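Each chain, written out:
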Amino acid sequence: MKKIISGNEAIALGFGDSGGVFASGYPGTPSTETLEEVARLGEVYCEWAPNEKVALESAIGGSIAGGRSLSTMKHVGVNVAADALLTLTYTGVNAGLILMVSDDPGMHSSQNEQDSRNYAKFAKVPMLDPSDSQEAYDFVKVGFEISEQFDTPLMLRTTTRISHAKGVVIQQDKIAPQIGEWVKDVPKYVMLPNFGKLKHIEVEARLLKLQEYAETTPLNRIEMRETELGIITSGVAYQHVREACPDASVLKLGMIHPLPARKIREFAKSVKRLVIVEEMDAIFEEQIRAMGIDVEIGKNKLPLCGEINADIIRTALELTVTGATPPVEGLPQRPPVFCPSCAHRGLFTILSKLKVFVSGDIGCYTLGALPPMSAMHSVIDMGASISAAHGMAKVNAIAGRDEKPVAVIGDSTFFHSGMTGLMSMAYNGGNALVIIMDNRTTGMTGGQENPGSGVTLQGIPARQVEMVPLVKALGIDNVAELNAYDLKETEAAIKKGLETPGPYVLIDKNPCILRYKIRKPAMNVDEEKCTGCRACLKVTCMALGLITVGEKQKVRVDPNVCNGCGICMQMCKFDAMHTLEGENNANL
Amino acid sequence: MQIFNIVIAGVGGQGVLMASKVLAESALVSGMDVKQNEVHGMAQRGGSVISFVRIGDQVNSPVVMPGSADLLISFEPLEALRYIHYLKPGGRLIYSKVSINPSTVASGLAIYPDDVEQQIAAICAEAQGIEALAIAREAGNGKAVNMVMVGSVMKHLPLKEEVITEVVKKISQGKGVEVNLKALAGGAAA
Chain A
0 MKKIISGNEA
10 IALGFGDSGG
20 VFASGYPGTP
30 STETLEEVAR
40 LGEVYCEWAP
50 NEKVALESAI
60 GGSIAGGRSL
70 STMKHVGVNV
80 AADALLTLTY
90 TGVNAGLILM
100 VSDDPGMHSS
110 QNEQDSRNYA
120 KFAKVPMLDP
130 SDSQEAYDFV
140 KVGFEISEQF
150 DTPLMLRTTT
160 RISHAKGVVI
170 QQDKIAPQIG
180 EWVKDVPKYV
190 MLPNFGKLKH
200 IEVEARLLKL
210 QEYAETTPLN
220 RIEMRETELG
230 IITSGVAYQH
240 VREACPDASV
250 LKLGMIHPLP
260 ARKIREFAKS
270 VKRLVIVEEM
280 DAIFEEQIRA
290 MGIDVEIGKN
300 KLPLCGEINA
310 DIIRTALELT
320 VTGATPPVEG
330 LPQRPPVFCP
340 SCAHRGLFTI
350 LSKLKVFVSG
360 DIGCYTLGAL
370 PPMSAMHSVI
380 DMGASISAAH
390 GMAKVNAIAG
400 RDEKPVAVIG
410 DSTFFHSGMT
420 GLMSMAYNGG
430 NALVIIMDNR
440 TTGMTGGQEN
450 PGSGVTLQGI
460 PARQVEMVPL
470 VKALGIDNVA
480 ELNAYDLKET
490 EAAIKKGLET
500 PGPYVLIDKN
510 PCILRYKIRK
520 PAMNVDEEKC
530 TGCRACLKVT
540 CMALGLITVG
550 EKQKVRVDPN
560 VCNGCGICMQ
570 MCKFDAMHTL
580 EGENNANL
Chain L
0 MQIFNIVIAG
10 VGGQGVLMAS
20 KVLAESALVS
30 GMDVKQNEVH
40 GMAQRGGSVI
50 SFVRIGDQVN
60 SPVVMPGSAD
70 LLISFEPLEA
80 LRYIHYLKPG
90 GRLIYSKVSI
100 NPSTVASGLA
110 IYPDDVEQQI
120 AAICAEAQGI
130 EALAIAREAG
140 NGKAVNMVMV
150 GSVMKHLPLK
160 EEVITEVVKK
170 ISQGKGVEVN
180 LKALAGGAAA
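Going line by line, the protein sequences match chains A and L. Note that the first sequence ends on residue 587 in numbering that gives the first Met the number 0; no numbers are left out. Note that the second sequence ends on residue 189 in numbering that gives the first Met the number 0; no numbers are left out.
Because the hints were derived from the structure by calculation, they are not lab data. Remember, predicted model here, so these are calculated numbers, not experimental data. All the given hints hold, so there is nothing to weed out.
Listing some non-contacts, in silico: residues in chain L with all C-beta distances to chain A over 10 angstroms: (1) Met17; (2) Arg91; (3) Lys96; (4) Ala133; (5) Gly139; (6) Thr164; (7) Glu165; (8) Ser171; (9) Glu177; (10) Val178; (11) Leu180; (12) Ala184; (13) Ala187.
Cross-link-like lysine to any residue pairs, in silico, SDA-like; alpha carbons within 25 angstroms at most: (14) L:Lys96 <-> A:Gly549; (15) L:Lys174 <-> A:Ile517; (16) A:Lys519 <-> L:Ala133; (17) A:Lys495 <-> A:Val478.
Among the chain A residues that face chain L by a calculated CB cut under 8 angstroms, a handful are: (18) Arg160; (19) Gln238; (20) Asn308; (21) Val327; (22) Val336; (23) Pro339; (24) Thr539.
For each residue, glycine too, the CB sits at the ideal point set by N, CA and C.
Generate the whole structure from the sequences, applying the supplied hints.
So, in structure tokens, the structure goes:
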């Protein structure tokens, strides 16, 4: 049957149809929908892990116990899981194991633009790179076969335009899961130095065997057309190449590590001009040039940063580009913003007012860095808010600066890797105010479950981690609750936290209004009382706007957008804002 | 057939993705090749959203290049202007006339231009503005703007109206079926 599904949905479907048994991942754009779809399909066990390292290690356990296992994450998640990956490559697998990693060229929703193909080289594991939803589906099955045949984990790599683009998929026959034996094999799974030394030799030998496989597998195919121009490419870049130069010959790589050297030489000889089109790093190009092959166009003409598209390829090849008019300039930007009635708005209204240094983290609250709040001053990686604030406080103390940093982190990020930083702060006598926005979901990726949600990915009720006892157990004595919807209370609580010496933790327990569909009656403005002073606009809510009444500007609330949190009302000194009676029509 | 390129623009929360899904499913049901793509990074409401639907005998890239859209559907006037350069010469633009303030305007950092519709008309003389919110409310729910917009472009698509109607019926739920079908018909009559 034909379906139109995204690359992520295709991988989920492929996992179920390839005898998949166990899946574990951590949400991260653009990979998130894969496990959500495995859960929705409802045939295979799947779970959210608190972070990517735990996810991959759990999948390793699944494989050792004999079930085909999948671990999913975004590119930066592999950094967290890398400790497991770089030794997993030595142990190999029992049942097949696929690590799905989603890169984000163009950084649509990421903090960096790292190219995961580097990890395949680094870990010496095979990597597949599908170019559409059909291949995303097909490559899961062949991925498991390669993993088991060569006793290796396999990386299945997507990019945003594969994960999120929908295309037509024809489903194949389903393979029933077959769970193998759970075998004790010390030299294989215990990586003591003596066993590891032997395993490293095996890894190198395995890589040579995989290279032979890469030469003959139909995953790497030569499409001969005109011989003037030959292009080596993979993934979504292949689709852009087909669009940009339909007459060019193409070596389409489906297996992108290790590379098929003989096939590349054969292709290079058969065309006059050789071009390499790859998004981000020059991974193919460096290896192909090292083979002594002449490359006319690669990263000398194509970008290292951002996405590639058909026009960029045409420009590099000096072909005619569609004559587009330039975009209209000077339009107001429309960046993402805290949802109407999000509790983060109250917190950042106060942090902005207090002008403290805010060490931030990865989540919706990162938007607090944008103007006019501009109340976040560093964001590095998951969990860094707390550990970086700790370092800042230590150096501030050495420098004699009497200023306490504020760390802001969400519940999911705290469970992911904020806890260890907080434990270090308690242990090492730190001095920072840590604010945990515990909204009981992984908000920015769309509201996934986490250990604080009380329910699992598959909807099973679960033990809910309580934040206050957890924080106390990590060694923090000063823990207080916060209600960010009350601006006065929030300001007082933050000031107290800043004035109290030593680590201090504030926990806001207001749930995510989007995830938990919380509705409140909308606000309206009394135009007689509104002076147009704009104090309320500081809270940056898209429900608010200025209108001209007579000769004066007044604030107006859009009842289709407002969700009645009342944060703007607390900014008004003229009692001009009130709650509308009746049903809320907010489009949330 | 040649590839028919559609760009759908709007504001996060308006249902751009649902509208894209209707068009993509309809193309699939009609036996065509189709690719649909949008970038949805953050879950928050209020950001600018753009989605591509490409329909044809064989579609490679999921991305519509600026200057090559046969049809631009915008759920908001400012977003129509933001993505108007995606239209190819002679391409068609249909937009909802109800403006939504960006956060930059709501916080007083920027001004919503008062001549957006005139600017649109200056670039694309045949652009058509639709009172989509009023039509959606008449259909029973202001949130059905996305179905009104799909309805308003139906006659310009290489897809049969009956097929689109069936797809909307199939993917709507509960009371939404009636509202969405009314919104679709209301858009088609606009």
